[in-house]
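**Student:** Residue numbers (UniProt numbering), protein chains in the order written: chain V, 1 to 350; chain Y, 1 to 350.
Hints were generated in silico from the structure; no laboratory data involved. Nothing false has been slipped in among the hints.
A short, non-exhaustive set of chain V residues, derived as facing chain Y with CB atoms under 8 angstroms: (1) 271; (2) 274; (3) 275; (4) 293.
Examples of chain Y residues lying across from chain V (beta carbon under 8 angstroms, computed): (5) 98; (6) 107; (7) 109; (8) 261; (9) 267; (10) 273; (11) 279; (12) 280; (13) 282; (14) 283; (15) 286; (16) 287; (17) 288; (18) 291; (19) 293.
Virtual Cβ for every residue (Gly too), placed ideally from N, Cα, C.
Number of protein chains: 2
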Amino acid sequence: MSQCFGYGVTSADAPLTPMTFERRALNEDDVAIAIAYCGVCHSDAHQAHNDWHNTNYPLVPGHEIVGHVTAVGSAVTAFAVGDAVAVGCLVDSCLRCAACEGGEEQLCEKGPTGTYNARERNGDGFTRGGYAEHIVVRDRFVLKVPDGLDLRYAAPLLCAGITMWSPLRRFHAGPGKRVGIVGLGGLGHMGVKLAAALGAEVTMITTSPSKAADARALGADHVLLSNDRDAMKASRNRFDLLIDTIPNAHDVAPYLNLLGRNGVMVMVGAIDFIPPVHAGLLLQNHRSLAGSAIGGIAATQGLLEFCAEHQVLPQCELIPMQEINTAWERMQRNDIKYRFVIDMASLKAA
Amino acid sequence: MSQCFGYGVTSADAPLTPMTFERRALNEDDVAIAIAYCGVCHSDAHQAHNDWHNTNYPLVPGHEIVGHVTAVGSAVTAFAVGDAVAVGCLVDSCLRCAACEGGEEQLCEKGPTGTYNARERNGDGFTRGGYAEHIVVRDRFVLKVPDGLDLRYAAPLLCAGITMWSPLRRFHAGPGKRVGIVGLGGLGHMGVKLAAALGAEVTMITTSPSKAADARALGADHVLLSNDRDAMKASRNRFDLLIDTIPNAHDVAPYLNLLGRNGVMVMVGAIDFIPPVHAGLLLQNHRSLAGSAIGGIAATQGLLEFCAEHQVLPQCELIPMQEINTAWERMQRNDIKYRFVIDMASLKAA
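With the rest of the complex left out, here is chain V (with noise of 0.2 angstroms):
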């Protein structure tokens, strides 16, 4: 066990503030990592506040980290101590099932271990995040950052890009595809990054006008303002393939009537109960309407690999540790472009 200082809540009501706890000891397959910047998630401020009714206290938050090796186990081969490395949004899976089998260890039929707020697949004590000065974690969930990825940028991917990749990937974005992008915040702003570089004919759908130069600069063919009736009824029937970044409960048949045939519309941000929807919706065109968490950890170094190659770097506002309070107070009311991410040089400075 070694001491490590980051910043965590103690209770639901709490704000975030400096603390210090226990990180396990070195596994022979383990990787200790100095965390050099932590992306700040949604799901962060979620957890904190006990949203989903299964917060572990302390709760460090953090699941976006890149840093750099400082030691390894005495199994692990394929990492070494000054390497550039990334964690996502999971630490540990069975690694024996069908879903960690064909590379999707985050729908681990046995459970993922989520980087914070999880038990430990050992047994004692949960998981803590990247808010924090070093990480241990189990090998193959340490992901490799590409030579000419800055590593500021590739907090982000971990999670918001990874959330956007997959269904891209799966649901086959590329020259030739109308791909939508719904609601441009941090989930959507890589989506419509990624799309566009993908190849696809993409489209920014949001309920702002003001977005439109900043959907257009993030890559965006078209903008299309979900509140304008008529224009939403131009474009039905006309895309292949919708992700719904929406982090709300919300009506999906506006959206649903967007696609054509075989068209499928993805949900990845709202955790919640979905308004009745006709079948007929459904029906029509062969419309699907599917869900996507994440990605799984070969997935996520693909998206690294495609980020570095390409160049497509998430939009970030770098704070100091000391800030993160009002961080996740802007992040709530959705002032952020778009993606915040924690020097974590400034926790040492502190």
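Assemble the complex: chain V is given as a structure, and chain Y must be docked to it using the hints.
**Tutor:** Positioned in the frame of chain V, the structure of chain Y alone reads:
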């Protein structure tokens, strides 16, 4: 124009009664068919009762039609007098849009022409269906009944059969796939037979223990009682494909829970609102909720050939035309195993 004798309804409350109506004269690409058998579909009664608020009276129902060619237009090359042929739910479409060119005429972007209650594509009057002595249909929408397929059994394949066949093929039902058919009626019994013939591991999912033996006789490997909470829980995450034939509005959550990784649930029966469903059920296991509507002409021809080759035959009860009102009443209370087929010889005898 020619006079045609059949059975139809004149208002939402009226029973089916004998009537004479006009059929269009043979166009150069038309085929005239003497109807030998016509299957009885739930849609026939829905349309007659104006359940969808769009019925044009007088209505002559029937879209599971088999018979023999009596005449062909001057440009028809694929059919000759005497051929055994069939007509399903469609008698025309634009044949130019991406859906038609992709072999999914039922999803025609201009709107397909239904076999009854649709405006004739060339303008005058409405289409009238197969509860009649003959029908005139554009050659591209006429199917060949393969040698070895008993005409009586071909009829229910044209709607019930293709409705199940299309999603079974689209979602790759076959060896190694676990397929669940929800509901044992006209559609469900075809689903079990077809999925079994395709080599899938088939489960009948029903509320009725009394249907277990029948389901196994039809080819189901397993029967799962959807009101047995323990059995449903034990079957979670198990299925690759579910086809839901329940004909009225119902909660889909208990069925979504049964789907494993990348599993798909297809709605084919209930053209109604789906009660609120939690998006988490879709995110988990990357599930999809899809819809499917009958199938294209080429797919329907493929189904007829598959059924001839594998002798996959619907279980039918043959009735004379004069018993149609009783048959509809029995169909409404699900007192039929599993499809009524009208023997049109009875019409001529009357």
